[in-house]
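Construct the complete structure from the given sequences, taking the supplied hints into account.
Protein sequence lines, in the order shown, are assigned to chains A and B.
Per the numbering used here, residue 1 is the first one in the first sequence, and the count goes up by one each step.
Per the numbering used here, residue 1001 is the first one in the second sequence, and the count goes up by one each step.
Take these hints with a grain of salt, some might be off.
EDC-like mimics (lysine to aspartate or glutamate), calculated; alpha carbons at most 16 Å apart, straight line [to be verified]:
| id | chain 1 | residue 1 | chain 2 | residue 2 |
| --- | --- | --- | --- | --- |
| 1 | A | Lys25 | B | Asp1257 |
| 2 | A | Lys103 | A | Glu133 |
| 3 | B | Lys1004 | B | Asp1108 |
| 4 | A | Lys55 | A | Glu84 |
| 5 | B | Lys1235 | B | Glu1361 |
| 6 | B | Lys1036 | B | Glu1361 |
| 7 | A | Lys38 | B | Asp1257 |
| 8 | B | Lys1310 | B | Glu1164 |
| 9 | A | Lys103 | B | Glu1164 |
What the hints contain is simulated information worked out from the structure, not anything from laboratory work.
Chain by chain, the residues run as shown.
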Amino acid sequence: MTQPAPASPVFWRFNPEVFRLIGIKCQDCGHISYPRTKICHECGSQKLEEYQLPKRGTIHTFCVNWAPPPTFEPPIMPVIVDLEGGGRYQGLMTEFGAPEDVKIGAKVEMVLRKLTTDRGLNVYGYKFRLVEE
Amino acid sequence: MRGKVAVIGVGMIKFGELFEKSLENMIQEAYLNCLKNVDKGIDPKEIKAAWFGQWSGGFIGQGAQSGQSLASMIGNRNIPCTRLENACPTGGDTFRHACLGVASGMYDVVLALGAEKMRDKPSAESLGGAGGGGGAETGNHPAWMIGQGGPAIQAMHATRQMYELGYTMEDFARVAVKNHHNGTFCPYAHYQFEITLERVLNSPVICWPLHLFDCCPQTDGAAAAIVCRADLAKKYTSKPVYVLASNVGVDHNQLWDRNSFIEQLSTVRAAKGAFQMAGIKPSDVDFAELHDCFTNTELMNAEDVGFVRKGEAARKLKDGEFDMHGSLPINPSGGLKAHGHPIAATGLGQIFELVTQLREEADKRQVKLKNGIGLQHNVGGPAFGVSAVNILSRSP
Ligand SMILES: [Zn+2]
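Take a look at the structure:
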């Protein structure tokens, strides 16, 4: 298993995307993708504009992973979130009471959290938590 | 492709936890079994090119191999030999490249062989290699070190299948019961025991909604096929099996770029192209080996290949239509559920099953043939964005 160290070039390169959530919106087909790219993954167009992902959305799908890789404490809940206004983000749920509280269609928001610890250093990024209605 | 290529021999070894066998042992056994399977005989030197499928090089302790590994191990270094990796469809795509080698007119007789040693490392490391690790599935993007491998990806599809199609965990479990039953008749299967619906549903939850017995095991194995020019096939065998189509389909590399979680467009594209190439319809197929890495995946595959409409697979399974003696047997070999999934060997193991069935040599698991046509399918990779489909037939 290879994971990049926090000081590795990949962290430096992806800095704007990770914390400012900068992706692209295709001016031809409307596809929203993340991180930034120069060719639309959906239609191949090069007419793209930078697009900042919103932090809120609803759960499109999820699972409850009771057998995650060694650095994670089970259970973890990977989610795919339909963001407000289009586009999707993939992440982990945080601060849920029971796994049963997490459902398709539930409203969630991104919060900055520690994702993992790699060789003694904390790695930060966004997780999702349920929004009280 | 159609009319140009035939399979003249197939060979595999019993899949399992083969701690006593090295990668070379497995490769040589599968190869020798394959040569023996050419019933009118073949001089190994007649093989003029080879493709070697191996998914994982370095990370699971089998050593990073390349083309010369296979050529040297079979004592045939006067031929070009290439190693090919294409995720879970590595085996199906290795077969495709061998077929393209013959169809191009470049070679008369070629070898496709896939081998994988998964079990020399503990499951967690082996799974890590398979994308269970933080970054492996997500292009090493730091924000997505979310501990996601095959089980999590397919579980997220299963959740959505339950939500959109009304599928249940019992529906998924029925795939495991069927395939384990079929596996008891296949001497090459890793698992050769029956399981009950209750046992699947009471097994530990690995990744809700998937239980332990919804997941295929990790397994060592090797399998091979020799293909040749269709017009030369009868020189080597009294029962040639002809290649009607061989295709690969792809979709997005990342889950968030994809639209639907109840369908995999990689499979849809691979199958559509293959049926076009073969000039047949899904209903012309007598039986299929579909990539059941997880139980919910088999249901999705049956729909995506085009055998049934979206949302119909669970009911057809329940009604017994996919049973070994049903109207469309799916995974009569026992599939990945019973054989395990030695990645590059898997697709060629399915080709082995197709050829064995089409020659009516499958003994207790023999399916009934009408048109004499079988279909092989793999799907996998990041976001399950790559799929292979091969269609074989008794007649050219
Ligand atoms: Zn576009």
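**Message:** Need the list of violated hint numbers for this structure, in ascending order.
**Reply:** 5
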